[in-house]
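Asker: For reference, the chains in residue letters:
Number of protein chains: 2
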Amino acid sequence: MAAWGKRLAGVRGVLLDISGVLYDGGEDGGAPIRGSVEAVARLKQSRLKVRFCTNESQKSRQELVGLLRRQGFDISEGEVTAPAPATSLILKERGLRPHLLVHDGVRSEFGQIDTSNPNCVVIADAGEGFSYQNMNKAFRVLMELEKPVLISLGKGRYYKETSGLMLDVGAYMKALEYACGIEAEVVGKPSPEYFQSALKEMGVEAHEAIMIGDDIVGDVGGAQRCGMRALQVRTGKFRPSDEQHPEVKADGYVDNLAEAVDLLLQHATK
Amino acid sequence: MAAWGKRLAGVRGVLLDISGVLYDGGEDGGAPIRGSVEAVARLKQSRLKVRFCTNESQKSRQELVGLLRRQGFDISEGEVTAPAPATSLILKERGLRPHLLVHDGVRSEFGQIDTSNPNCVVIADAGEGFSYQNMNKAFRVLMELEKPVLISLGKGRYYKETSGLMLDVGAYMKALEYACGIEAEVVGKPSPEYFQSALKEMGVEAHEAIMIGDDIVGDVGGAQRCGMRALQVRTGKFRPSDEQHPEVKADGYVDNLAEAVDLLLQHATK
Chain A
1 MAAWGKRLAG
11 VRGVLLDISG
21 VLYDGGEDGG
31 APIRGSVEAV
41 ARLKQSRLKV
51 RFCTNESQKS
61 RQELVGLLRR
71 QGFDISEGEV
81 TAPAPATSLI
91 LKERGLRPHL
101 LVHDGVRSEF
111 GQIDTSNPNC
121 VVIADAGEGF
131 SYQNMNKAFR
141 VLMELEKPVL
151 ISLGKGRYYK
161 ETSGLMLDVG
171 AYMKALEYAC
181 GIEAEVVGKP
191 SPEYFQSALK
201 EMGVEAHEAI
211 MIGDDIVGDV
221 GGAQRCGMRA
231 LQVRTGKFRP
241 SDEQHPEVKA
251 DGYVDNLAEA
261 VDLLLQHATK
Chain B
1 MAAWGKRLAG
11 VRGVLLDISG
21 VLYDGGEDGG
31 APIRGSVEAV
41 ARLKQSRLKV
51 RFCTNESQKS
61 RQELVGLLRR
71 QGFDISEGEV
81 TAPAPATSLI
91 LKERGLRPHL
101 LVHDGVRSEF
111 GQIDTSNPNC
121 VVIADAGEGF
131 SYQNMNKAFR
141 VLMELEKPVL
151 ISLGKGRYYK
161 ETSGLMLDVG
171 AYMKALEYAC
181 GIEAEVVGKP
191 SPEYFQSALK
201 EMGVEAHEAI
211 MIGDDIVGDV
221 GGAQRCGMRA
231 LQVRTGKFRP
241 SDEQHPEVKA
251 DGYVDNLAEA
261 VDLLLQHATK
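Residue numbers (this note's numbering), protein chains in the order written: chain A, 1 to 270; chain B, 1 to 270.
Take the hints with a grain of salt, since some may be wrong.
Claimed, not checked - Chain B regions said to be covered by chain A (calculated; three or more residues, Cβ under 8 Å): (1) 52-65; (2) 122-134; (3) 137-148; (4) 178-184.
Quick caveat, the hints were computed from the structure, so don't treat them as lab data.
Here a beta-carbon is modelled for each residue, glycine too, at the ideal position from N, C-alpha and C.
Based on the sequences and whatever the hints tell you, model everything.
Answerer: So, in structure tokens, the structure goes:
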């Protein structure tokens, strides 16, 4: 593999995944990953542009940012690209009235949306809300539509909380796709539109940007398909087998965000 | 389409699906489908051999047969091919110790099986038991195994109860397959081994047998792939679009089991 200097040359913008990179979530709000608070601070003091690009769909942006600020992170709502507000815009543009299978924490992002007489289903990481009854209700709504529309906020397989691995929305999206014989529209990583909107918001071209994430497929593979570079951190849901993934090879593997920022500050801004 | 006489010639054995053909399940035990009690009785009085071939995995065979007998059906445990006892045999043969994600009603079928220190996951139609917690537990067991084995009792998309359509085990099987990046082993329709065991139990060759079911893919398509003929009833989960299914064409469509039995008694036994 080429030296870091070559791999990081010309990077002007950094996209940071949140869960598994900044912190591990959990029942009590979770805990920051060692070194990440300082790493974000150093990055923001540098000449590099920073944007947080998350698939978090259990919490509103406000709630997520509040939680991270309490953990010491320098982050504000305007710096976060999140799937719920992006979905809310899409629903308005297309005149869609969703049946929402989402966590209560994110419902406020859909406050302005008409949910009467639904003509689509929106599914997000509902956590405990993924009861049989709630899934069956969403399924029945879809089966009653002539042209069923299912929008999924991300399609992650799982994420890591302090208590261990947790099933993510992608698993439940697959369940509804199979039961209804349909294909969902994904808003969030690894959708190219989603990465591109984050790039646009930070004013950086894909070839000048690098993604840092713990998900070899959703973060690394997705960003690379958009022409970005991508590093995988060995925190969060990282598993050693990711480094031998049959389809995706990161531009580099680092122990954690702190190491990634060390390397970026050393090589990218020259 | 050929005349019924030609389509049913040479049939010696009839495989009957249960849910959606004999009865629609429901919270109060469900209700027999009009004409089905008499149709089963007439079939059993004929020269045709009969076997019940179900993917029911919420109830033990004993419980299912008890419920059907109370509704007036002439049926006994020995006449039923069901996935739970078949799975129990497989587990014993292969020395597998399952983590069971199943309905309490079917747990007795696994009474003789060692479930300590699990080295596989068995998933059945758990109904309300498909909570997020239970799904996450099964997911974590699989992720901790070096070679994850997932056995699914059927892979139905949905079935019909008196209250409406209900998500079936297949949707949850797909969720775990996706989350873990694995493929489940299916015990039940449309697995060829499963149909063949039912044929063997009734002592009839595939070309002499006909399946009657409400599931165009699991019943009709599965039976046809084994060399049987198959009729779809317009009861249970049947939907008009099934008659234009892009991949599966039944050997005939009938309004209900009563009509199927009328035709069989008229044409098959000549």
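Asker: Please name the hints from earlier in the document that this structure breaks, with their numbers sorted from lowest to highest.
Answerer: 1
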